[in-house]
Amino acid sequence: MDHRRRTPGLSSLSSRGLQNHHYTSHGAALRTRNAQSLETQLSVFQSLLHNFALTHSKDIRANPAFRAEFARMCSALNIDFLASSYHRDNKGAEAKGGESIWAQLLGGSVNDFYFNLGVLIVEECRATRSENGGLISVSDLKTRILKGRGIGGGMEVSDDDIKRAVDSLAPLGSCFSIMKIGHRSLIRSVPKELNTDQSTVLEAIQVLGYVTVSMLQINLSWERPRAHAVVEDLMADSLVWVDTQAGENEYWSPAFITAATSAT
Amino acid sequence: MTTASPLPSNFSATSTLPPGATAPSSLPFIPQYSFPPFFTLQPVASTRSSQLSSWSTHIQSYCQHNRIFSLTLVDALNTPLFHNAQIHRRLNLRDAKVILAWMASAEGGNRAEFISTSTTKSKKAASGEEDGGKCWIYWRRPEEWAAALEEWVDRTGQKGTVLTLYEIVEGDASLKEEFWNMDEDLLRKSLAVCVRRGKAQIFGGEGSEGVKFF
Numbered sequence: 000m001d002h003r004r005r006t007p008g009l010s011s012l013s014s015r016g017l018q019n020h021h022y023t024s025h026g027a028a029l030r031t032r033n034a035q036s037l038e039t040q041l042s043v044f045q046s047l048l049h050n051f052a053l054t055h056s057k058d059i060r061a062n063p064a065f066r067a068e069f070a071r072m073c074s075a076l077n078i079d080f081l082a083s084s085y086h087r088d089n090k091g092a093e094a095k096g097g098e099s100i101w102a103q104l105l106g107g108s109v110n111d112f113y114f115n116l117g118v119l120i121v122e123e124c125r126a127t128r129s130e131n132g133g134l135i136s137v138s139d140l141k142t143r144i145l146k147g148r149g150i151g152g153g154m155e156v157s158d159d160d161i162k163r164a165v166d167s168l169a170p171l172g173s174c175f176s177i178m179k180i181g182h183r184s185l186i187r188s189v190p191k192e193l194n195t196d197q198s199t200v201l202e203a204i205q206v207l208g209y210v211t212v213s214m215l216q217i218n219l220s221w222e223r224p225r226a227h228a229v230v231e232d233l234m235a236d237s238l239v240w241v242d243t244q245a246g247e248n249e250y251w252s253p254a255f256i257t258a259a260t261s262a263t
Numbered sequence: 000m001t002t003a004s005p006l007p008s009n010f011s012a013t014s015t016l017p018p019g020a021t022a023p024s025s026l027p028f029i030p031q032y033s034f035p036p037f038f039t040l041q042p043v044a045s046t047r048s049s050q051l052s053s054w055s056t057h058i059q060s061y062c063q064h065n066r067i068f069s070l071t072l073v074d075a076l077n078t079p080l081f082h083n084a085q086i087h088r089r090l091n092l093r094d095a096k097v098i099l100a101w102m103a104s105a106e107g108g109n110r111a112e113f114i115s116t117s118t119t120k121s122k123k124a125a126s127g128e129e130d131g132g133k134c135w136i137y138w139r140r141p142e143e144w145a146a147a148l149e150e151w152v153d154r155t156g157q158k159g160t161v162l163t164l165y166e167i168v169e170g171d172a173s174l175k176e177e178f179w180n181m182d183e184d185l186l187r188k189s190l191a192v193c194v195r196r197g198k199a200q201i202f203g204g205e206g207s208e209g210v211k212f213f
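Residue numbers (numbering that gives the first Met the number 0), protein chains in the order written: chain A, 0 to 263; chain B, 0 to 213.
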């Protein structure tokens, strides 16, 4: 009885096991097929991107506008080519020999470009720190890089490039960041927060070119000691320079040296 | 441009420009030159040191461009070097002296040297105020000039021949060289470096020297 009853039970168990097994194998087959087709698609996409990057690598390197578009396309496709070069990506299969996709595709030229630019930015910020207190306008930085004293200098870059390069410095834990004063972007290379009064004064300088204590008194209705304290603070940090040849002392921001040149 | 100096020709800032030299307006001034506070010596130490080195760069490139080998500060204050007429800013004498003193220091790379008035052949004009008023601007230091001279002699195959000082600075052969029209005293200084290095020998007396390179 027991025996008989058990037999169908067992056979049903084994058949269910068999079924399960079939399902699993079929699923696995489907998955592999899926993966395979994805892989093919990916490799096709990669080779296309590769070709694109190769045929246009000159443009990518030479033309800032084009480079910005290319970078935008990549970020739209959710490819962070800056990250992909130092994260040894976990999709490892594509990265033969441990190289990142981008280093492999472009011979390292695109992500290296941003790293090089990052290095140049750090160099320029360091070089000018005593002059401008660690605050430099992006446009000023661009002209400096264009003049290129450092290694790999003398290249034309766009604001977008500089933003990306500064972002790429983030993993270093350094204090490089882009801040906005008025409608101008500035790169700050010192770990210092400006207080509201200081930012207000810098903003006024950016609009008017310079400020004087009485201008601050009139326009911001500040008390004289307050206006004085703010400019003294800024001066101590090399964030403004004093000009004593205009009657009342004028305070100018060295972050806009080149901007001042073009304005006058 | 003229840095008109009332002094004998061997001390004046160079007044004759070489044929290739262009008007000072075409000189690419450093960006700070158009920045008004640049003409006020900054009170904050770190800012000031950066300002001093910018001034040094500015003075050197200006002098190199205009082939100026020495400056008389009092006169130079009215030239575009220290006076930016466009933005109506000028450097005052005291600040200019501070800058040149910095350039003359080791920190400033010894890029200038004051000429003490007592040893000069010039009339002792107002010696108190004159003190430190004149100086060499070493956009090339005498050692660098010495090297340039040696290189030129070598390149033009004039080793072993006797050259007059006049030939070196005024001759056609050196027309394209940086030391063309160089101040004679500076040339003597530079040649003295060559002699010390054992690369040259100077013959003859004051005023008619000849020099031979080995």
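FYI, nobody ran anything at the bench for these hints, they're computed from the structure. This one's a predicted model, so the numbers in the text were calculated from it and none came from an experiment. From the three backbone atoms N, C-alpha and C, an ideal C-beta is built for every residue, glycine too. Accuracy of the hints is not assured; some may be wrong.
[Unchecked claim] Using C-beta positions, here's what the derived DEER-type ranges look like:
1) A:202 x B:29: 56 to 64 Å
2) A:166 x B:196: 50 to 58 Å
3) A:125 x B:159: 43 to 51 Å
4) B:45 x A:47: 37 to 45 Å
[Claimed, not checked] Here are a few chain B residues that face chain A, going by a calculated C-beta distance under 7 Å:
5) 31
6) 34
7) 35
8) 84
9) 88
Status of the hints after comparison with the structure:
1. A:202 x B:29: 56 to 64 Å: Since residue 202 of chain A and residue 29 of chain B have Cβ atoms about 27 Å apart, the given range 56 to 64 Å is violated.
2. A:166 x B:196: 50 to 58 Å: 53 Å, holds
3. A:125 x B:159: 43 to 51 Å: Cβ of residue 125 of chain A to Cβ of residue 159 of chain B: about 49 Å, so the range 43 to 51 Å holds.
4. B:45 x A:47: 37 to 45 Å: Given a distance of about 53 Å, which is not inside 37 to 45 Å, the answer is violated.
5. 31: 6 Å, holds
6. 34: At 5 Å from the nearest chain A Cβ, residue 34 of chain B passes the 7 Å test, so the hint holds.
7. 35: Constraint on residue 35 of chain B satisfied, holds at 4 Å.
8. 84: 12 Å, violated
9. 88: 6 Å, holds
Consistency note: the structure conflicts with the earlier hints numbered 1, 4 and 8.
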